[in-house]
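**Q** The chain contents come next:
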Amino acid sequence: MAEKVLMKGNEAIAEAAIQAGCRFYFGYPITPQTEIAAYMAKRMPKIGGTFLQAESEVAAINMCIGVASTGKRVMTSSSSPGVSLKAEGISYMAGCDLPALIVNVQRGGPGLGGIQPSQSDYFQATKGGGHGDYRLFVVAPASVQEMVSLTAHAFNVAEKYRVPAMLLADGTLGQMMEPVVIDDITVEEHDKSWALTGTKGERAHNIINSLSMLPEELEQWNIDRYQRYAQIEKNEPMWEEYMMEDAEICVVAFGIASRVSRNAIRAAREKGIRVGMIRPITLWPFPKEMLLASSEKVKAYITVELNMGQMVEDVELATRCRRPVLSANRAGGCIPSPEQVLAQIEAANRLGGEQ
Amino acid sequence: MGKIVFQKPKALTDNPFHYCPGCTHGIIHRLVAEAIDELGIEGKTIGVASVGCSVFAYNYFNCDMVQAAHGRAPAVATGVKRSNPDNIVFTYQGDGDLASIGTAETVHSAARNENITIIFVNNAIYGMTGGQMAPTSLPGQVTQTSPYGRDVNTVGYPVRICEMLSELEGASYLERVAVNNVKNVKLAKKAIKKAFQNQIEKKGFSLVEVVSTCPTNWGMTPEKSMEWLEQNMLPYYPLGVFKDKYAQEEAK
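Protein sequences, first through last, are from chains X and A.
So for the first sequence, the working numbering puts the first residue at 1; every next one is plus one.
So for the second sequence, the working numbering puts the first residue at 356; every next one is plus one.
Relax, there's no trap hidden among the hints.
Heads up, simulated DSS-like pairs for lysine-lysine below, C-alpha to C-alpha not over 30 Å straight-line: (1) A:Lys549 <-> X:Lys200; (2) X:Lys192 <-> A:Lys399; (3) A:Lys548 <-> X:Lys200; (4) A:Lys557 <-> X:Lys42; (5) A:Lys557 <-> X:Lys192; (6) A:Lys363 <-> X:Lys200; (7) X:Lys200 <-> A:Lys358; (8) X:Lys200 <-> A:Lys544; (9) A:Lys399 <-> X:Lys160.
One-sided excerpt, in silico: chain A residues whose CB lies under 7 Å from chain X: (10) Gly398; (11) Ile401; (12) Met420; (13) Ala424; (14) Arg427; (15) Val435; (16) Asn442; (17) Glu460; (18) His463.
No wet-lab data here; the hints were simulated from the structure.
We put the beta carbon where it would ideally sit given N, CA and C, even for glycine.
Build the full structure now, drawing on both the sequences and the hints.
**A** Set out below in structure tokens:
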């Protein structure tokens, strides 16, 4: 499928997962991501794969645990309230060192919230969501094309470090159609000697387990896991810089919010404001070294988010609170307008000038 | 040298059980392991441990094992089986796990006729957490969370899983057994072996409910527990085959 085709974001994720070698998908209907399940339902039986509509989000993530235990690529997808239900299983995956891909096409919350696009699961994705000391590798695409490349990349990273990965999209990206090329997908091979295949009488039994009654042992498992997290933080941050060469004001935005921001940045440039953008592509690991380096020149930051400003604290931490961090945000399914972002850029410019 | 007439099944590891004295998990583990040995499937069996007293089952069975979240073993087993249809996949679950927090997973794996084997140990109490009321605790049964006896007016009635699942078109084989005497242990063994044999023959969802005791949390001696089981559990949970789809079809 190397030619350019017009696809919905949700469908592009599904096709990319298939091209990346995923042959198992378990899901439950929820707006605005159901196209992923529908696409998998259509495609998987044709290619010898498994699509199964689970009885619940909880069952779906646990079916993923079953497949992941056998060492094969597996994916589930949902939207915000459904991802909360999966949180238990995600924690077990982390505790069992199982790779898998969880897609969250976010909608407004909390609670049942709404069905319009949102980024309000940023905390849930990057700080936990489930119980225990764990991290997810979290990628945030900003286009349908990037949904393809990051889906494939997330599978590889998940297997390399034996961690669950999350693709954090939103209702806009999931529903929008863009031309896309599905090619250049690399399926990396990683060690699977831990997988459950049956011993065939040839080896000791493999055990996939997150339980230990010995505090020192459980602590050591956590320490070992955090050493892998440290490797991920060192090797895997991804970001994009936009007009940052001379920027004194820096917008920090991911996903759909970065696209709104581009318009505002161009408008501000026309007014002579030296503004650029850092777009985190991985939300965890957060590109904090890059942000810290930028704070040498940047006078003020503005996060642009479809939530109440959840990323502000991460920008403050990354830049060690050296510069003010404003936010241009909307919540509940609303999207910040370029005018709103421009107004904050102008406010940040005044603020930066006072220092 | 005398002839060896009795030994530990190969499908069990050398790890000593952590179970309380008089607990019937030991018997049931042994029956499962004997069935695996006799069918020659240890090398291709994958077990799913649940949450409860049998949580450490992964330490006791010699086959590949995965430990599932509370109630989720049938969903995990579904994933394992769908991924590796040639492996033999079983879950080992207690009543709190299977009949309370995991009821949805139980019902829907049966409805799908998922080709897995479920060993369901029903001792009418939460053992691991110290003896709380279970979905299968009997009316009037005193537990830590029903200190005045299970009051059916406020907490309802115990769940009969085999009877409930037998209404599902999907489920293939449902039998309730007990391990309270030699005869019943032998019948339990036969049922457990059949539940694995069914899977080998791709006959679909097979569940064996084993009515069991919990001397520690029932506050009785092992001997007294067996009496209590016979007098109280068996009248509410009658033994027998509740569904055998293939036997029914053969009989037609």
